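The residues making up each chain are set out below.
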Amino acid sequence: MAIRLTLIVIRSISVLMMSAFLGANCFANEPVTKLHIAVASNFKQVHQVLASEFEALYSSRSNTPIKIISSSGSSGTLFAQIKHGAPYDLFLSADQMRPDTLINLGLALKQSRTVYAQGQIALWQPKSTDPFDIHIFKTYIGKYTLANPKLAPYGAASQAIMKESGFWQAKGHSRIIAHNIATAFQYVASGSIKMGWVAFSQLKNWEQRFPVPKHSYWLPPITDYPVIHQVAVQLVRAKNKTLAAKYLEFLSAPKAQTLITSFGYLSPTI
Amino acid sequence: MFLSPTDILALTLTFKLALVTTLLLLLISTPLAWFLSRWNSPWRALFESVIALPLILPPTVLGFYLLIFLAPDSFLGTNWYNLTGHQLAFSFTGLVIASMIYSLPFVVQPLQLAFEKIDSATLECAEVLGASSWRRFTSIVIPSTRNSFLLASVLGFAHTIGEFGVVLMIGGNIPGETQVLSLVLYDYVESLDYDAAHRLAATLVCFSVVMLVIVYSLNRGTLLRRKVTRAAMPAGEA
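Respectively, the protein sequence lines represent chains A and B. Residue 249 in the working numbering sits at position 249 of the first sequence, with consecutive numbering throughout. Residue 51 in the working numbering sits at position 51 of the second sequence, with consecutive numbering throughout.
No farther apart than 27 Å at their CA atoms in a straight line, the calculated lysine-lysine pairs in the DSSO-like style are these:
{"#": "1", "chain 1": "A", "residue 1": "171", "chain 2": "A", "residue 2": "143"}
{"#": "2", "chain 1": "A", "residue 1": "67", "chain 2": "B", "residue 2": "16"}
{"#": "3", "chain 1": "A", "residue 1": "34", "chain 2": "B", "residue 2": "16"}
{"#": "4", "chain 1": "A", "residue 1": "163", "chain 2": "A", "residue 2": "138"}
{"#": "5", "chain 1": "A", "residue 1": "214", "chain 2": "A", "residue 2": "163"}
{"#": "6", "chain 1": "A", "residue 1": "143", "chain 2": "A", "residue 2": "204"}
Keep in mind that the hints were calculated from the coordinates and are not lab data. Just so it is clear, the structure is predicted and the values come from calculations on it, not from any experiment.
Using the sequences plus the hints, can you model the full thing?
Below is the structure:
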């Protein structure tokens, strides 16, 4: 009896799965113009809003609807994939080094290079009750975190400020180097580390669900650290070149830039 | 809704990938494990080590080299493109190949261990009695190693569902094509959407437990049934 029952369960699961596959296939066969965008994870949230706006805007103007396929990952992983033939049309990196390398390698178009956002770093201490600034390191005891300065431009910016203010070598606190800015944020958000250098855009994102009072973070003056330019490029092997170029235009237009700034970035153009 | 369309698409894709990978692996691993279990040569250790290699290599390292190995400008990638007109890296096919390499030791090793335990005398007896090699395999080897086949399938399936580093490198995170569950989950974590990550992880855990319980109780069921039939046999026949 038990065997028969489990067999029935297995059969119904397999039928369900088959129908799901068929459903997915039907979906893929609709006539649509596809634009495949590789986007750095830190920009994914803004990208989703922008992508659906672009789809709505340009689908109404052309005969076939436009569908944006997004692949997100760390800029480094996406870079390695592009180098080995990943089928992306556009690459929205979290830095400028990787798109520039792709241009030098002849894999991305030089004239397509677009700075679509400028990053801001923030020193975040969720439990802080009073406003603070860099001088907190004079009295702060314990661990703090930052993204790996060698890999992440946000990490390099944090390191520059720490060095400039003389706290990089100071004793009393120990440094935890996170793999990337998302990991650095997780360390602080989870409470494992009490203070850390994160991206201001991450705080804005977090604020949508949890309170982030003004006195819990400090934004250093933008001139105190090297500029964090997030650069987008069109790849040479892009299938739909006109649409890809249109998307880059759309990204730098005032409307998209205003939206980008509302997510905690600075605009390079407005 | 509890799960987003992206999650459901990734869920079906992951199970499809695990299913295809496990079936193909069983096809390849059975003769391979049989060969290794009966092979007496100093080279055997080398072969076994090569098969066990995916256990030792960090998945991202394995994934990176598979990426180079399957890229469109590689030997394999070029030939595959000329043959089929499709790219190997960043496609479902590429993912299946990568998963097969990644999960190979999990399927080969239990089978090989089981095959080694089969008494050669029994097989020789059957041969003397005129049983063909196919008949010997289906009537002696498979029934006596049924549990190991089940174990190998479960391990291969589960290991493929759980893979991350390899698919991260070689998959390209393309929805409906290579975006498997673990990648969607990682994406949620990276973009700070922890609620969605918790939901997906909980679904995955529940589904896996249910699946494993079904498989293991099925296995128990067949064992019990065998005992019952044996007990029900007339005394003279047993």
